[in-house]
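*Asks:* Sequence:
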Amino acid sequence: MAMAAFKPSGELLVGRTRFNSKLSVKPTVRLGHFSLIVRSNNSDVKVGSDSGKTSPKRGQVSTWFDETYTSWPEVHRVLTERNMRSIECQEAFKLARSGKAILIDVREPQDFRKIHAQAAVSVPLFRLIQGNSFKANLRRLGHALITDFAGTERNPEFVSQALSAVNGNKKKTVVVMCDVGGTLKTIVERPGIKPKSYADPERRFGRASRSLRAVYELQEEGFSDVFHLTGGLNTWAYQDLPTDEED
Numbered sequence: 029m030a031m032a033a034f035k036p037s038g039e040l041l042v043g044r045t046r047f048n049s050k051l052s053v054k055p056t057v058r059l060g061h062f063s064l065i066v067r068s069n070n071s072d073v074k075v076g077s078d079s080g081k082t083s084p085k086r087g088q089v090s091t092w093f094d095e096t097y098t099s100w101p102e103v104h105r106v107l108t109e110r111n112m113r114s115i116e117c118q119e120a121f122k123l124a125r126s127g128k129a130i131l132i133d134v135r136e137p138q139d140f141r142k143i144h145a146q147a148a149v150s151v152p153l154f155r156l157i158q159g160n161s162f163k164a165n166l167r168r169l170g171h172a173l174i175t176d177f178a179g180t181e182r183n184p185e186f187v188s189q190a191l192s193a194v195n196g197n198k199k200k201t202v203v204v205m206c207d208v209g210g211t212l213k214t215i216v217e218r219p220g221i222k223p224k225s226y227a228d229p230e231r232r233f234g235r236a237s238r239s240l241r242a243v244y245e246l247q248e249e250g251f252s253d254v255f256h257l258t259g260g261l262n263t264w265a266y267q268d269l270p271t272d273e274e275d
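The sequence shown runs 29 to 275 under the working numbering.
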C-alpha cells in the first residue's frame, strides 16, 4: 500500500507522486472524521467569501478543501459561556412524544438508516465526500491511507435542512443528538465510597462531539431553544427507549 508523507514545506508525497504547494499541511484524525487541514503560511490570508476582505472570526479555521469552520476550543468556550443546556434521554423522549420538541439526529445518513431514535429527523452535520474533483479524490485518498472510515466532509446544507425540520420556526425547541453526546465538562467525577473529582488534562476542552458542534452551529444561525442530548443514541438505546431500525 502506498504511504503518505507530509513535510513542513507543504509537499505532499503519496507513493511516488509529489504534490507541491505553498501551503503547510497537517493531517488530523478525530471522532472518526479524517481532515487534511492545509493552512496558509501567509499571515495576511483572510477567512471569508468576500474576495478575502472579511476578517476571520475568532477560532475559525479555513481548509484547503474550501471549508471554514470554528475550532473545537472556541466552540467549547462559547457554549460554556452561553450555559448550554443538556437534557437526559427520558426527558427528551417525553418532549418529542408530546410534540413539544424536535429530535435532530446529526449522524451520517447511512448510520441513521441503520438505527435511530423514534421520531428523530436526520440532519447530518457531515456527509460522504461528494464529486470527483482533484481535492475530493485527494481527501478520499487521505481517508483510505490513514483511517478505516468512509471519507466525509461538512454538509453545506446542514442549516437549511435543520430549518426544514422545524418548518422555518427557529424558536421551536430542538434536541440535538449524535452517537455518544460528548460533554463540556472539564472535571472528572469518580463515584464510590470515597468519591473524588479532579481536572483531567485530556479534558481541558471537555469531549468534542458532532451534537455539541451542531448545537453551536444552530445557535449561531439564530435557533433560540436548543438542547444537547446527554449520552446520545447509545444511552437512548441502553435505556430501552423506542428506536426504528433498518429491516
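Keep in mind that the hints are not guaranteed to be accurate.
[Stated by the list, open to error] DSBU-like cross-link-like pairs, simulated, lysine-lysine; straight-line CA separation at most 35 Å: (1) LYS213 / LYS142; (2) LYS122 / LYS200; (3) LYS224 / LYS213; (4) LYS198 / LYS142; (5) LYS199 / LYS213; (6) LYS122 / LYS198; (7) LYS224 / LYS142; (8) LYS200 / LYS142; (9) LYS222 / LYS128; (10) LYS198 / LYS85; (11) LYS199 / LYS85; (12) LYS128 / LYS213; (13) LYS142 / LYS222.
Think of the hints as simulated: they come from the structure by calculation, not from any bench.
Computed from a predicted model, the values in this text were never measured in an experiment.
*Asks:* Are the hints correct? Go through all of them and say.
*Replies:* Here is what the structure says about each hint:
Proximity of LYS213 to LYS142 is assessed by CA-CA distance (about 30 Å); at most 35 Å being required, the pair is judged to hold. A C-alpha spacing of about 15 Å is found between LYS122 and LYS200, which places the hinted pair at or below 35 Å, so the restraint holds. A hinted pair counts as satisfied when its Cα atoms are at most 35 Å apart, and LYS224 with LYS213 qualifies at roughly 15 Å. Annotation: proposed proximity of LYS198 to LYS142 holds, straight-line Cα distance about 29 Å (limit 35 Å).
Between LYS199 and LYS213 the CA atoms are separated by roughly 27 Å; this keeps the pair inside 35 Å, and the hint holds. Proposed proximity of LYS122 and LYS198 is supported: the alpha carbons are some 21 Å apart, at most 35 Å. Taken as a hint, the LYS224 and LYS142 pair is broken in the structure, with Cα atoms around 39 Å apart against an allowance of 35 Å. Restraint check for LYS200 and LYS142: satisfied, since their Cα atoms lie roughly 27 Å apart, inside the 35 Å limit.
A threshold of 35 Å between alpha carbons decides the hint, and for LYS222 with LYS128 the separation of about 41 Å lies outside it, so the pair is violated. Straight-line distance between C-alpha atoms of LYS198 and LYS85 comes to about 23 Å, which keeps the hinted pair within the 35 Å bound. For the suggested pair LYS199 and LYS85, the alpha carbons sit about 25 Å apart, so the restraint of at most 35 Å is met. With a CA separation close to 27 Å, the supplied pair LYS128 and LYS213 stays within the 35 Å bound.
Only pairs whose Cα atoms come within 35 Å are accepted, and LYS142 paired with LYS222 is rejected, the gap being roughly 41 Å.
Checked against the numbered hints above, the structure violates hints 7, 9, 13; every other hint is satisfied.
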